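Participant: Below, each chain spelled out in residue letters.
Protein chains: 2
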Amino acid sequence: MTRRTAGPAGGHRVLVPELRDVMILGPREVRHLHVLRVRPGDTVRVFDGDGHEAEATVATLDDARAELHLGTALAGASETPMPLTLVVALLKGDKLAEVVRAATELGVADIRLIVTARADVREIGAQKLQRLERIAQEAAKQSRRTVIPDVHAPVTVGDLTWPGQLFVAQPGSTTRIGDVLDWAAPVTVLTGPEGGLTDAEVTALAARGAIPVTLGPRILRAETAPVALLGAIAALGR
Amino acid sequence: MTRRTAGPAGGHRVLVPELRDVMILGPREVRHLHVLRVRPGDTVRVFDGDGHEAEATVATLDDARAELHLGTALAGASETPMPLTLVVALLKGDKLAEVVRAATELGVADIRLIVTARADVREIGAQKLQRLERIAQEAAKQSRRTVIPDVHAPVTVGDLTWPGQLFVAQPGSTTRIGDVLDWAAPVTVLTGPEGGLTDAEVTALAARGAIPVTLGPRILRAETAPVALLGAIAALGR
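For the protein sequence lines, the chains are A and B, in the order given.
Sequential numbering of the first sequence, starting at 1, is according to our numbering.
Sequential numbering of the second sequence, starting at 1, is according to our numbering.
Certain hints may be false.
Stated by the list, open to error - With a straight-line Cα cutoff of 27 Å, these simulated DSSO-like cross-link-like pairs (lysine-lysine) come out: (1) 95/B <-> 92/A; (2) 95/B <-> 128/B; (3) 128/B <-> 141/A.
Said to hold, decoys possible - If you want the ones that stay clear, here's a sample from chain A, every Cβ over 12 Å from chain B, calculated: (4) 50; (5) 58; (6) 70; (7) 179.
Derived from the structure by calculation, the hints contain no laboratory data.
This structure is a prediction, so every number in the text was calculated from the model and none was measured.
Glycine included, C-beta positions come from ideal geometry on N, C-alpha and C.
Could you build all of it, start to finish, from the sequences and the hints given here?
Facilitator: Quick look at the structure:
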């Protein structure tokens, strides 16, 4: 339980709807506090999933209810300078879950699913989408993010809109993302399905301002490409 | 079956012990050829797992035996300019399998396992190690590598040796791997266990020439860090 005694940078993290001077927690979060052996008087971190995080003191704690008092606000040191968005093609089986988890760790603020010409999968059920949202929430907590990424229902690649710059992983490109990415505007990255985007899809995206970038000369699985590309961005230090 | 009619850059890939003018395949590889609907007269690609690859013509093919005739040699365009090595701490469950698979796609030529101070897992059985080798072999084939990475039995981080430059993923570092990596010498990257390397371990590695590098300000799982760091290298275009 080394975390329990950690200083301001450590401490258990509790998701709250809003950061307020006095916050009342219900049975579910209270159970979580008990599992973590939090006791009255302990300091925890509260975050609202929207980029705000602060220390809070556990004023009272019983079986079904806890009262937390807001302490020092904490800067969102774990967030990118501008929002980072991942656009990813629908993938078979449980592959999207792994992508969502890793993308959340790597700083993504928004995840948009797309359907492309070569997609094996063309839709996703409401339950599966909710599961991806829960995974993003868990991963945000574990990696001490102050933002929980939204996971959006899929659109076709033609209907896709994106904030800021769009970088598309594209075999054959020689442009390095590290040479062209600019944190003065939001950053969006896009990776395709198994089998890749079609040339027509890449051309259409490029006509709308997308920049194809390299991930090396090898063939990557559709679930490896987003992690690799987001890793390249994280390795720039943000 | 679009692959079947692919040109010199495509075609089915067959692992052979050595590239020779005439190559005889046994029942196992022949079964593979039948599954792929390869027929006498077809062109396939043969590779030896050691960086050599060439086209070959299927001269004869029956139920248990095939004879292949060597064609044009193919350059190892999918390989990094100098060997890329991944050093990774032992991880729980099936996490190493996923790391080996992604690392192979991302161009690693050698995988060395280490035991560190905070390791949950301190050893790996012979069977599990063999399974990792098989996974590397499959992944190499799928991503059309001409090198199959070796997976080495674990050593302690103190006993570790490495070729060329060693880059260690280290929270708090501000050095970007893209700014310091030099393909004039072999490149080795190292990532720690869940909970990270100890300060003493990082200091000891740095004293031996290792360079700590950033993967951003967030906390990554031990199985995400190697893929992210290798992704950063792939995004440099090699």
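Participant: Which numbered hints turn out to be false for this structure?
Facilitator: 3 and 7
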